[in-house]
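Engineer: Each chain, letter by letter, is given below.
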Amino acid sequence: MSRPPQSQNSRARLAATAAALGAAVLLPVIVNRGLLEDFSRVFVLILAVLGVNLLTSTTGLISLGHGVFVGIGAFAMANLLDENIPVIVALVLATAVAGFAGMIVSLPALRVRGPYLALITLGLSVMFPPIGRRLGKITGSALGRSVEVDGFDPPDFLRLDERPHIWNYVVCLTVVAAWFLLTRNLLNSRIGRAIRATKDHEHAAAAFGINISMAKTGTFGISAAMAGTAGALQAIIDPYLNTNDYDWTLSLKLYTSAVIGGLGSLLGAVVGAVIYVGLPWLNEVLGLLDSPSLAFGLGLLVVIMVAPNGVVGLLARFKKKPRSSQDGD
Amino acid sequence: MDLFIQRCFDGLFNGAIYASLALALVMLFRATGLLNFALGEIGMVGGYTSLVMLTPAVGVSAAAAGGGGFRFPVAGTSFASRLPGHPYPVLVAIAVGVLTSALLGVLLQRLVLYRLRNRSDFVKVNATIALLLALTGLVSEVWGGAAQRYPSVFPNEPTDYVNVFGGRLRYTTLGAWAVQLFLLLLLGVLINRTKTGLAFRAITSNAEAASLMGIRVQRTLAIGWAVSCGIGALAVSLVAASTILRPGMMVTVLILAFAAATIGGLDSPKGAVVGGVIVGLTQSLVPGYTPFPSELAVVPPFLVMTILLMFRPTGLFGTSRVVRV
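Sequences listed follow chains A and B, in order.
Adding 1110 to a residue's 1-based position in the first sequence gives its number in my numbering.
Adding 547 to a residue's 1-based position in the second sequence gives its number in my numbering.
Possibly wrong hints are sitting among the right ones.
Said to hold, decoys possible - Using 25 Å as the maximum straight-line C-alpha spacing, the simulated SDA-like pairs for lysine to any residue come out as follows: (1) Lys-1309(A) <-> Arg-664(B); (2) Lys-1309(A) <-> Leu-663(B); (3) Lys-1309(A) <-> Val-846(B); (4) Lys-1309(A) <-> Thr-861(B); (5) Lys-1309(A) <-> Asn-665(B); (6) Lys-1247(A) <-> Val-846(B).
Calculated from the structure, these hints are not laboratory results.
Treat the numbers as computed from the prediction; the structure is a model and nothing was measured.
Starting from the given sequences, assemble the full structure and let the hints guide the process.
Structural biologist: Following this line, the structure appears as structure tokens:
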């Protein structure tokens, strides 16, 4: 995600991306409704994991609170829809709300170094469910609330009137693809280089005139906005929300998935999302554990020990020409 | 006025718990320069082990257990009941729990953190986050998600208090603070008066040079982990006795302890205790005197910490670090 598209790999990557996109577009024709909805959920999670991935890989900050921004996005979406705001506008607004919340949270991180942000965000994700339960008008208290998605019909020329799940899928895919493009271009721009310089050497970057605070707040805001979009899309796919679903384990699993998948690459975020969905699923199928937390924790440990660049880095190692990816350290 | 005193006493009890965990965090930070996100869960393993030690196996009558109330079968008791003299008194059980956590800490240091010694702080913090998740899962896997009653070492009947300025100062609060001051003394001596304490500082500042000067880095780090994780188990027994023992309960407590340690400055034992008191008091006084809802009592200490960090990034008693660019 951070390399200029010049290497020999670029043509192969382009082909792979095109193939993946083609497969994604063809998917609604191939699979049945339930499976398609699952795919929509995975795409949405890719976005959330990508948010975490982006933040940690470009700034080195650890956020254990991105589940909160997913939650903020979801509840913002639900409440905006209550006001009969068109779905697309609500989606943008919910994204903005989550992004703004992220920028506020990141402000203390500008003053302090080290893992304080991890601590503050972990605190935030512990506090989110009880705070949410207090704000009954917004969140429906402990019982949760449903989301009224009205007037979100597919345009006529698509002929999808009877199949809203396909329309949902198309919207999710489009939004996720848009975020991918945006991230990619942003990171290859002047802003992206400034952000990476901040991680590599903060003082040197500051000496070159980069506004460190702006870089960190901005990145955190963008990554929180991504998580917010993910939450808003989730609210459309599964129109029932409960604050308890956005607890600290969600945030920890998002972070863990991002690291296991591989930081610093878009493919890593995709792998991370697959792991996020796949681990609990595998656990359920095999009937091994009561909660998949143990699996997530052990998975992260193993990745830290043997594959500093995550699963993606491990795959790259098997290639002929080792890719010069960023080290996980 | 009576109510004010009472609220202070309540806050001081929680403050003692936060202070002891904050001390454990500071201890490890002094020894390894690492913030251990898994400390609470390492303590939980010890806490549940002590529960196993003091709970009679299923089949022994509840009267012999010395307490009614709800009690789910505790995994491992039938195995532990083969030990001579099981079930043990509370104090012995807690000692066993503390030892278990200390051993677990040493084990994790050997198996995980030692292998990462040449990696960046980012990777090490990631490792403790992974341990937090894995141990949370492990504890609920082994002992189930049900809440368990946990006995108190100190007299904990409704009448066990002394009147001080019209407030009820409970024996448990006094006991918690006795434990607390003992820990402070112990750590103060360990860090400032022993060769091990000196070695902690040497290793934190430069591990390689320290080992070249003949400091046994491995053993010193093991001591740091053992003491820190042992305190973690002690804190779990205090928390569990005042509320209940259930998986995941330590995350909230731990982040408040982090807040306490941060307010105090992370590398100062004295600061950890002061931070613990501040956190405990804000937690009980702010919801008491403002319209702030009491179930959100976690929030005010965090606000205090965040605001303090903005103006004093090194905390109240922390030493500021000079980094060469």
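Engineer: If a hint holds in the structure, say so; if it does not, say that too.
Structural biologist: Each hint, compared with the structure:
1. Lys-1309(A) <-> Arg-664(B): holds (21 Å)
2. Lys-1309(A) <-> Leu-663(B): Roughly 21 Å between the alpha carbons, so the hint for Lys-1309(A) and Leu-663(B) holds.
3. Lys-1309(A) <-> Val-846(B): violated (30 Å)
4. Lys-1309(A) <-> Thr-861(B): holds (21 Å)
5. Lys-1309(A) <-> Asn-665(B): This hinted pair holds, its Cα atoms lying about 19 Å apart.
6. Lys-1247(A) <-> Val-846(B): Holds, at roughly 20 Å.
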